[in-house]
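With the sequences and hints as input, model every part of the structure.
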Amino acid sequence: MLTFDTLNRGLKKGLRVLITLAKIMIPIYIVTEILKYSGLLQMVARLFIPLMSLLGLPGEAAFALIIGGALNIYAALGVLASIDLTIKQATITGVVISISHNLIGESAVIKKIGINPFFITGLRIISSLLTGMLMNIIL
Amino acid sequence: MELILVVFNALKIGANAVIKLGVIIVPLMMAIEILKDLKILEKFSKLLSPLTRLLKVHQDSSLPLVIGLVLGLFFGAGVLFESVNEGQLDKKSLVVVSIFLALCHAVVEDTLIFIPIKANLMIIIVVRVSVALFVAIVASRMMPELQ
Numbered sequence: 008m009l010t011f012d013t014l015n016r017g018l019k020k021g022l023r024v025l026i027t028l029a030k031i032m033i034p035i036y037i038v039t040e041i042l043k044y045s046g047l048l049q050m051v052a053r054l055f056i057p058l059m060s061l062l063g064l065p066g067e068a069a070f071a072l073i074i075g076g077a078l079n080i081y082a083a084l085g086v087l088a089s090i091d092l093t094i095k096q097a098t099i100t101g102v103v104i105s106i107s108h109n110l111i112g113e114s115a116v117i118k119k120i121g122i123n124p125f126f127i128t129g130l131r132i133i134s135s136l137l138t139g140m141l142m143n144i145i146l
Numbered sequence: 702m703e704l705i706l707v708v709f710n711a712l713k714i715g716a717n718a719v720i721k722l723g724v725i726i727v728p729l730m731m732a733i734e735i736l737k738d739l740k741i742l743e744k745f746s747k748l749l750s751p752l753t754r755l756l757k758v759h760q761d762s763s764l765p766l767v768i769g770l771v772l773g774l775f776f777g778a779g780v781l782f783e784s785v786n787e788g789q790l791d792k793k794s795l796v797v798v799s800i801f802l803a804l805c806h807a808v809v810e811d812t813l814i815f816i817p818i819k820a821n822l823m824i825i826i827v828v829r830v831s832v833a834l835f836v837a838i839v840a841s842r843m844m845p846e847l848q
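Chains A and B, in that order, are what the protein sequence lines are.
For the first sequence, the numbering used here gives the first residue as 8, with consecutive numbering after it.
For the second sequence, the numbering used here gives the first residue as 702, with consecutive numbering after it.
Source of the hints: derived by calculation from the structure; they are not laboratory data.
A hint or two may mislead.
Residues of chain A placed beyond 12 Å of chain B at every Cβ, according to the derived structure [as the list claims (entries may be wrong)]: (1) Q49; (2) V51; (3) A52; (4) L54; (5) F55; (6) I56; (7) P57; (8) L61; (9) G66; (10) I73; (11) A77.
BS3-like cross-link-like pairs, simulated, lysine-lysine; straight-line CA separation at most 27 Å [what the hints assert, rightly or not]: (12) B:K744 - A:K20; (13) B:K793 - B:K747; (14) A:K20 - B:K819.
Every residue gets a Cβ at the ideal spot worked out from N, C-alpha and C, and that includes glycine.
Next comes the structure, spelled out in structure tokens:
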């Protein structure tokens with residue numbers, strides 16, 4: 008049944024998600040900006056250029072994919088906020104991260120229903136990267 | 702001095718992005734609570750029979766599928782876990798549905814979140830669903846009927 012409590016719960020949940028998002032995204036964005044300012048980000052990003060160029064992305068995007076995979080989409084967004092991407096690159100990044108994110112946290116859920124989490128995680132990483140490469144060729 | 706400016710600027714831009722996302726996320730969470738309380742997804746799940754047939758899974762898989770697609774992996778897995786404990790679902794359905802949901806869940810929230818980077822949301826959602834379908838269908842065809 009729909010009551011006032013429904014909307015109240017939705018509002019509270021929405022605000023809670025927003026606070027979590029702010030607590031993760033803003034600090035990561037600040038750290039990324041500092042790394043960028045120091046030049047360290049670009050230096051390490053150079054190592055990822057060969058892999059990222061397969062996806063049509065700049066080397067820096069590797070940080071977003073790694074942080075998104077290890078933590079969650081909010082964290083990846085914090086990194087992405089300091090990288091300049093074209094619409095095509097942003098869309099490819101969005102697809103890869105939406106398929107492959109929060110791999111540790113979500114593995115716990117997968118394990119609980121009795122499925123091998125390593126199998127599922129491998130499947131997510133491989134399918135997201137292959138999709139990104141395919142999109143880079145097609146788009 | 703310049704570093705302080707970098708931090709201050711990042712804080713400003715970051716806070717701005719969070720507020721923009723808040724305008725989307727708060728109404729979305731309210732809509733999701735309405736869906737839950739009116740049990741709309743439970744009614745809607747019967748419409749998902751083409752999907753269960755395509756994946757070659759038990760027809761009772763439609764509820765965990767729709768819950769996971771809309772509400773997220775956590776809720777979808779919860780319903781899946783219940784169905785397994787109640788003995789409604791066979792092992793093959795469990796594996797195929799888990800694969801599909803692991804790749805594709807919370808499609809509204811996980812897609813709208815990419816608004817700040819100006820991605821094409823339509824492409825993100827269509828490609829993600831298609832890839833999950835493809836992987837799950839391949840897995841389903843490769844698996845013998847498990848009981």
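We went through each hint and held it up to the structure:
no., hint, verdict
1, Q49, "15 Å, holds"
2, V51, "18 Å, holds"
3, A52, "17 Å, holds"
4, L54, "23 Å, holds"
5, F55, "18 Å, holds"
6, I56, "20 Å, holds"
7, P57, "23 Å, holds"
8, L61, "17 Å, holds"
9, G66, "17 Å, holds"
10, I73, "17 Å, holds"
11, A77, "16 Å, holds"
12, B:K744 - A:K20, "24 Å, holds"
13, B:K793 - B:K747, "20 Å, holds"
14, A:K20 - B:K819, "25 Å, holds"
Of the hints listed earlier, there is not a single one the structure fails to meet.
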